[in-house]
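K.L.:
Going down the list, the sequences are from chains A and B.
Per the numbering used here: the first sequence ends with 114, consecutive numbering throughout.
Per the numbering used here: the second sequence ends with 227, consecutive numbering throughout.
I should point out that these hints are in silico values taken from the structure, not numbers from a laboratory.
Watch out, some of these pointers could steer you wrong.
[Unchecked claim] A few chain A positions that, by computed beta-carbon distances, are all more than 12 Å from chain B: (1) I12; (2) S87; (3) V89.
[Stated by the list, open to error] Going by beta-carbon spacing under 10 Å, a handful of chain B positions derived as facing chain A: (4) L118; (5) S121; (6) L133; (7) Q147; (8) A204; (9) S211; (10) G218; (11) G220.
All values derive from a computational prediction rather than experimental measurement.
Cβ atoms here follow ideal geometry from the backbone N, Cα and C, with glycine treated the same way.
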Amino acid sequence: EAGVAQSPRYKIIEKRQSVAFWCNPISGHATLYWYQQILGQGPKLLIQFQNNGVVDDSQLPKDRFSAERLKGVDSTLKIQPAKLEDSAVYLCASSLAGDRWTQYFGPGTRLLVL
Amino acid sequence: TQLLEQSPQFLSIQEGENLTVYCNSSSVFSSLQWYRQEPGEGPVLLVTVVTGGEVKKLKRLTFQFGDARKDSSLHITAAQPGDTGLYLCAGAEYGGSQGNLIFGKGTKLSVKP
Chain A
1 EAGVAQSPRY KIIEKRQSVA FWCNPISGHA TLYWYQQILG QGPKLLIQFQ
51 NNGVVDDSQL PKDRFSAERL KGVDSTLKIQ PAKLEDSAVY LCASSLAGDR
101 WTQYFGPGTR LLVL
Chain B
115 TQLLEQSPQF LSIQEGENLT VYCNSSSVFS SLQWYRQEPG EGPVLLVTVV
165 TGGEVKKLKR LTFQFGDARK DSSLHITAAQ PGDTGLYLCA GAEYGGSQGN
215 LIFGKGTKLS VKP
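All chains, full assembly: derive it from the sequences and hints.
P.N.:
Structure representation (structure tokens):
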């Protein structure tokens, strides 16, 4: 069974530019999560989707971050404009709707903002 | 927001040694998980503990959930170089939205041959 796919794996941009990350969850997983992991920290949940609806986006900095999951499968996370402190690994995870405590993580996108 | 403190932050040992890492909070969690993360990869779930006092074993790894459900430990017997990685604990908040995991900062383990 294929795991969670993410692209790109690495991205370097300058501050104030915009960037987008893509995630394809495990087939059949209705719930999708985006996490931010700053160097030396554990992952922090940014947003959780159930199918194409947002369940929890309380920790998403909505002035610059946005995310969508239009067809309930793939998802994109966008940052516009990026700040230096957005440098981090952005992890996507997915789970079955009935077992949201068992999450499968993708390899992440490592973002460096210069 | 509940916080999870992990200790030690870094641990460097020789192959064959035993070790224990800790995950502590002042708050009660409904369940607690341990993950291992290798460089350039996402975290991989090792175990979920739910009941206070619960002990689970996974080969050479032993996980324990504290009686009061505020802390957990991971013990590795006879560590091997393949155990090298970042060990993260994550808790499920009482009353939080389902799937909203709170992660600690992790313990970075290096096992030298």
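K.L.:
Now tell me, hint by hint, if it's right for this structure.
P.N.:
Structure-based check of all given hints:
{"no.": "1", "hint": "I12", "verdict": "holds, 16 Å"}
{"no.": "2", "hint": "S87", "verdict": "holds, 16 Å"}
{"no.": "3", "hint": "V89", "verdict": "violated, 9 Å"}
{"no.": "4", "hint": "L118", "verdict": "holds, 8 Å"}
{"no.": "5", "hint": "S121", "verdict": "violated, 14 Å"}
{"no.": "6", "hint": "L133", "verdict": "violated, 19 Å"}
{"no.": "7", "hint": "Q147", "verdict": "holds, 7 Å"}
{"no.": "8", "hint": "A204", "verdict": "holds, 7 Å"}
{"no.": "9", "hint": "S211", "verdict": "holds, 4 Å"}
{"no.": "10", "hint": "G218", "verdict": "holds, 5 Å"}
{"no.": "11", "hint": "G220", "verdict": "holds, 6 Å"}
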